[in-house]
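Trainee: The listed protein sequences derive, respectively, from chains A and B. Under our numbering, the first residue of the first sequence is numbered 1, with each subsequent residue one higher. Under our numbering, the first residue of the second sequence is numbered 1, with each subsequent residue one higher.
In case anyone wonders, no lab produced these hints; they're calculated from the structure. Just to be clear, a hint being listed does not mean it is correct.
[Unchecked claim] For the chain A half of the interface with chain B, some residues (derived, Cβ under 8 Å), not all of them:
id, residue
1, Asn310
2, Leu313
3, His317
4, Ala319
5, Gly325
6, Tyr328
7, Ala330
8, Phe339
9, Met341
10, Ala350
11, Ala351
12, Leu353
13, Pro354
14, Phe361
15, Tyr362
16, Lys404
[Stated by the list, open to error] Short derived list, chain B residues pointing at chain A, Cβ under 7 Å:
id, residue
17, Gln161
18, Lys180
19, Tyr189
20, Gly192
21, Lys195
22, Leu199
Ideal Cβ placement from N, Cα and C applies to all residues, glycine included.
Each chain, letter by letter, is given below.
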Amino acid sequence: MFTLSKITKTFPGVKALNAVDLIIHPGEIHAICGENGAGKSTLMNILTGNTQPDSGNIIIDNQPVVIQNPQQAFDLGIAIVHQHLSLVDSLSVAENIYANQQPANAFGFIKFDELHALAAALLETLGMSNIQPTTIVSQLSPAQKQMVEIAKALSRKPSVLILDEPTASITEKESKTLFTILRKLKAQNIAILYISHRLEEIFLLADKITVLKDGTSQGTFPVAVLTKDNLITKMVGRTLKTVNPTSSIQQEVLLEVKNLSGQKFTNISFTLRRGEILGFAGLIGAGRSEIARAIFGADPAEGGEVWMKNVRLAINHPADAIDYGIAYVAEDRKSQGLFPMMSVRDNVVAASLPQAVEGKFYSESAARKMAMTSKDDLRIATPDVSQQVINLSGGNQQKVVLAKWLWTHPEILMVDEPTHGIDVGAKYEIYEILKSLASTGKGIIMISSDMPELLGICDRIIVIKSGKIAGSLLRDEASEEKIMSLAAN
Amino acid sequence: MLKKIIEDRVFSLLTMLIVVVIVASIVFPNTFPTFDNFRQILLNLSIDTIVAVGMMILLISGAFDLSVGSVVAFAGCMTAYLMQFYNVPVPLAILAGITASLIIGWVNGFLIAYQGINPMIQTLAMMGIVRGLALMVSGSGIQNLPYWFNAIGQSKLFGIQMPVWYMLLTVGTFALLVNKTIIFRRFYYIGGNEKAADLSGIRVKRMKMIGFIISATLAGVAGILLSSRLGAALPTMGRGLELRVITAVILGGASLSGGYGKISGALLGALFMGIISNIMVIARISGYWQEIILGIILISTLWLDKSLQKKYSTIA
Chain A
1 MFTLSKITKT FPGVKALNAV DLIIHPGEIH AICGENGAGK STLMNILTGN
51 TQPDSGNIII DNQPVVIQNP QQAFDLGIAI VHQHLSLVDS LSVAENIYAN
101 QQPANAFGFI KFDELHALAA ALLETLGMSN IQPTTIVSQL SPAQKQMVEI
151 AKALSRKPSV LILDEPTASI TEKESKTLFT ILRKLKAQNI AILYISHRLE
201 EIFLLADKIT VLKDGTSQGT FPVAVLTKDN LITKMVGRTL KTVNPTSSIQ
251 QEVLLEVKNL SGQKFTNISF TLRRGEILGF AGLIGAGRSE IARAIFGADP
301 AEGGEVWMKN VRLAINHPAD AIDYGIAYVA EDRKSQGLFP MMSVRDNVVA
351 ASLPQAVEGK FYSESAARKM AMTSKDDLRI ATPDVSQQVI NLSGGNQQKV
401 VLAKWLWTHP EILMVDEPTH GIDVGAKYEI YEILKSLAST GKGIIMISSD
451 MPELLGICDR IIVIKSGKIA GSLLRDEASE EKIMSLAAN
Chain B
1 MLKKIIEDRV FSLLTMLIVV VIVASIVFPN TFPTFDNFRQ ILLNLSIDTI
51 VAVGMMILLI SGAFDLSVGS VVAFAGCMTA YLMQFYNVPV PLAILAGITA
101 SLIIGWVNGF LIAYQGINPM IQTLAMMGIV RGLALMVSGS GIQNLPYWFN
151 AIGQSKLFGI QMPVWYMLLT VGTFALLVNK TIIFRRFYYI GGNEKAADLS
201 GIRVKRMKMI GFIISATLAG VAGILLSSRL GAALPTMGRG LELRVITAVI
251 LGGASLSGGY GKISGALLGA LFMGIISNIM VIARISGYWQ EIILGIILIS
301 TLWLDKSLQK KYSTIA
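Bound-form chain B, shown alone (with noise of 0.2 Å):
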């Protein structure tokens, strides 16, 4: 059992995640336990996940992405630039800004895998960047978007909203790629031995672009999700998002040098947190203590995990 727990994140965050439901549903039977409630909790957490993905694709090949809090919100302000002012059709905005998006993701990953910059200090320039150019295209944000481009993440499906089933979509795609596509697969050899791998024929850097490709790319379709949510493109969305996301999939099973986690654990961190920050709402505690929480998640995780190795490996 506690082997278990300790390999299987997916598995002891699930223990947990139904424990502080059931110790939620008893404390605050009226709010909590509500249908209404967790579709609020899904959408809450839909862009994050999105995001999440990418980053746990990156984290398990060792490597990680500053830039898509700024990345969401050049994505929507870029997008909803051109419809505003240029009125291109709301298909083709779209399509800009997911192309865009993958430029950044492109330079990101050609200028850390092939030029060797640090990922950390590239991806915090590239953060910084970003956010200036989603300043300069949108001003102090873009208004009275499209009715067809808001339907996109206003509408509902089953009753649920639909950011809610484009989030199911990408953990899906991504879960079922990861876990059964020879290509996604090379992550985690990547992540395992770096050296290794590209000695066993794996074409790393390559597959290292890639990846920044997918992270940039998925925060561009979370961005332009996120204003077509709002009715607005903001150039402030996505502040903060990047520790929330490499909480979430930290949380959910991954490790910062690489090699391990699985898309599920991005959704399942993600879902945790997402509970965590309802039940302080609920619990009226202030808002100011929500960043100070989740800075303390995601230490008390590693810590937990470090001395959790630690023990483990004086048993084996």
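Isolated chain A, as found in the complex (with noise of 0.2 Å):
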């Protein structure tokens, strides 16, 4: 039995966990909720040695430990499978899972028949035996690397297993097969720590459920007694309003894509009209931003016609598409959307330089004007807007990329993931800003994989199916089981 006792760890102006107790049974799962910035990583830091707590206890089988290190983590029986994948893509899966334990002999020789054998095996007593040990890593899916990913954790024995979002890049019916594991795992008495922004398969899942809000918890809860709505609201400590379901579309066609094909998707067909907030669904891998990235001029086309409000468009660049009032919000943040090491203010401005100006020169107090403009329409929480934004939380820098679209006067504006990682009370924020700029007669086009958020907010829903449109399905008529039986099938 793992026991945290009142740890408390401060940063300078952060009180990042405050006398926070939490209980680990083996053999059971045990989530830990909570928004952005409540604590979670910190507490998942302290358990995994990467930061020591200011104060508290950490008590292992009635004996207390300090975790100085990954390595002591390690030997103390903690394992995680972190969010963003730690794999050697170059490398085949057995190297991977027994990454720096390989079995070798004397002169220090890898032994490579007993590794494949050792992976193997691992990879049978998780039903993965799907996965070949000999395959190279880069050729695996993103669902597969995860397996890979906990096996490689497991193959060090852990009494504790903590995953950290394991669901936010695979798709449904992986996440399926991996809570198989996960309940095939506790029963072997192995005590799981799941973090996950994904309300729904907490429900599904966990034993147990933490919450911890602004670095205190608010008490360990068993699932049955839990509804989802006082989970949320123990979280953000309010209500949550629902979206309003109102649709703001007007007649007048904005965007008419004609057969456009490319090399994930071939003939799409579709039209946006003013005010419309329409939802691309599908798995992971279908081809949905794809066809974004291709109206968007990131991607080249392979054929088709895109037209914009019955002007045939020539886009070759983004450049051009920016030209034209078409906006696309990256679907990973960090690495498409953002400069992270640089100022609010420089990411607000960067697609709108030449408004950045004074005469005919760049002017930084200009930057600064529609950089704060944008902090108070949008609520960016920042103290000021020269900080980097990579210190502020994954809501915040979500509304920083929107407001770098924003300034550049989009008609159509297509988001791709825009509430991938992001906390609850962030994300009705993002909703409500994309239901009133549809409300001002702007396109919406929503890629997500969030079939709630499409439902609670699109008036129409496409679904893509291996680079196919698979069906369309009114506001009326979507459900998520309709979704995925066009999705999946």
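With the hints as a guide, bring the two chains together.
Mentor: And the structure:
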């Protein structure tokens, strides 16, 4: 049994954890919930030896311990599966699983036969025998990589397994496989600490839920006594009103895509009206982002036409799309949306530099003025717009990206997984922003793997399957089951 | 204060520079703090600084150019060659030298930005090729250059040699451009996150190519100026210059991963190194030590940066 008692950790200006208690029993799946900045990452970093608490005790089987580094955490039986994969793409599955603990002979030469046998046996016990130990990791799907990551953590025979947002980059169906494996591990008396923003899966999987809010524990609850609504209330400390369901769709067709084809999709045709929020549903890898990227000129299209307000567009680079009034909030905020080390101000004006001028010259104060306007309009929480954007929470970073695009005055806004990895409160704020943009007559395309959010705010949902349109559902007829049946079969 | 020192390299370098100047003035009161000596320091670093300005722009965008030293030699030799063997008039020969450098920059930029060749390998190969071209056109060197050509680098204005003025002009112009124009601001975004910059409508490939063209062109200008000052074009000019210039620019606040740096930092970095080597000369330290100390300065700057960053990030 693992006990954390009265763990406190202070960073200058922030009490990241305040006397947090946590008890983890063997054979239970224990979910940790909380908004971004609630202290989940700090807690994990303490458990895995990346940071030390200021005060408090960690007790394992009645023995107080100090975890000074990740190696020590391994030795104590704590293994973590990180949100960001730690696999080496160019090496085989087996070499990744047994990284730095490969069986070797007396001269330090790796015994590959034994390595492969060990890996095969481990994968077999996890029900993942469809993954070959000799396969190079770069050839695996994101979900398979996730499984290998778990196998890697398990190769150290941990008594506690920590999973940080394990379903963030895998599909619904693959999540189910993951859950089966986790239940198996639970049956083997391994304690599982599960962190996720997806409340549905927590209710599906967890035995107990510990809620963190602003660094303090709100208590540990058996999953049976909680409902989703009162869990959210505990996390955010207020009730969230539902998204306004009214539609602001108008008659005028803004965008018409005809038979668009690219590397990962063929013959895509659809229209987008003024004021419409159009959802793109589908499995990861179905080609949704690729369609948006092709419209935006980020990837070359191989055929087809894009018309906007009855004019055929010629787009070879995102710069052309921006000139036509099209914006694209890319899928991966950190790697494609933000300039992480630059200030909020510089990020906000990045796509509209010609506006940040006084006379003909770039002016920092003009840029600052633009950023301040966005900070107020979108309620970006930052002490000052000269702050590095990397210091902001995920939700506020996403608002900065949105601000960047709003300054290009787009008529069409494509958003790709806009609420990926951000907390519940900020999610709703993003929905409100999208809704109000639609009400001012902009057309919005929203790509999302979060079905409740698509159902919540879209006027119409197009389901993409293997690069083709599998179907289109109006708000009233759409349901999770219908989307899934179109997307998966 | 600590925050300012870590975040604002121009500020911290200036502070360090003032300390070094004061200490050197106290230790060598007769030789160091004189007008003649400072004039000499500035003259010695003028060529490096002009090249450093181009290098700073490249580093801001996250790239660098190892071929600049060879371009310095080639531009000088090419210009001299045209004047000496084909009697090309001075202005035309200079124009040809600069154009040749521009083409070298264009080739670098095209292959790196559009064809995806690694910048280090590309400019390393170009460094060899261009050095070979310089040897080819100049043999063991070309002397007795025309009077008007030599006048460019050897005349004085207000008692200070012309190369210093050209350097100040270059620094001033590019400082203004980089701070105040939209097109040059884009280099910061490219260095900050290339993918995000491209998706934000910045034509990254084109801008990168422009960066290499600017860097090579400024190196060409510097090379022509150097041979004018020397009154001769030598194929060995600018050997090791890339190391000095990159050191100056890193000292001046650029980061190899891009996104940081100011033009004034390039000047201050070069000034710092110029003063250090001047002090070494005054202190009669053997010339062999100069390169060793140069390398040590570069490594310790990077090391200091890393450890300060680490410390600072745990505070924040």
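Trainee: Each hint: holds or not?
Mentor: Status of the hints after comparison with the structure:
no. : hint   : verdict
1   : Asn310 : violated, 24 Å
2   : Leu313 : violated, 15 Å
3   : His317 : holds, 6 Å
4   : Ala319 : holds, 4 Å
5   : Gly325 : violated, 12 Å
6   : Tyr328 : holds, 7 Å
7   : Ala330 : holds, 6 Å
8   : Phe339 : holds, 4 Å
9   : Met341 : holds, 6 Å
10  : Ala350 : holds, 5 Å
11  : Ala351 : holds, 4 Å
12  : Leu353 : holds, 5 Å
13  : Pro354 : holds, 6 Å
14  : Phe361 : holds, 4 Å
15  : Tyr362 : holds, 5 Å
16  : Lys404 : holds, 7 Å
17  : Gln161 : violated, 32 Å
18  : Lys180 : holds, 4 Å
19  : Tyr189 : holds, 6 Å
20  : Gly192 : holds, 4 Å
21  : Lys195 : holds, 5 Å
22  : Leu199 : holds, 5 Å
Of the hints listed earlier, those the structure fails to meet are numbers 1, 2, 5, 17, in rising order.
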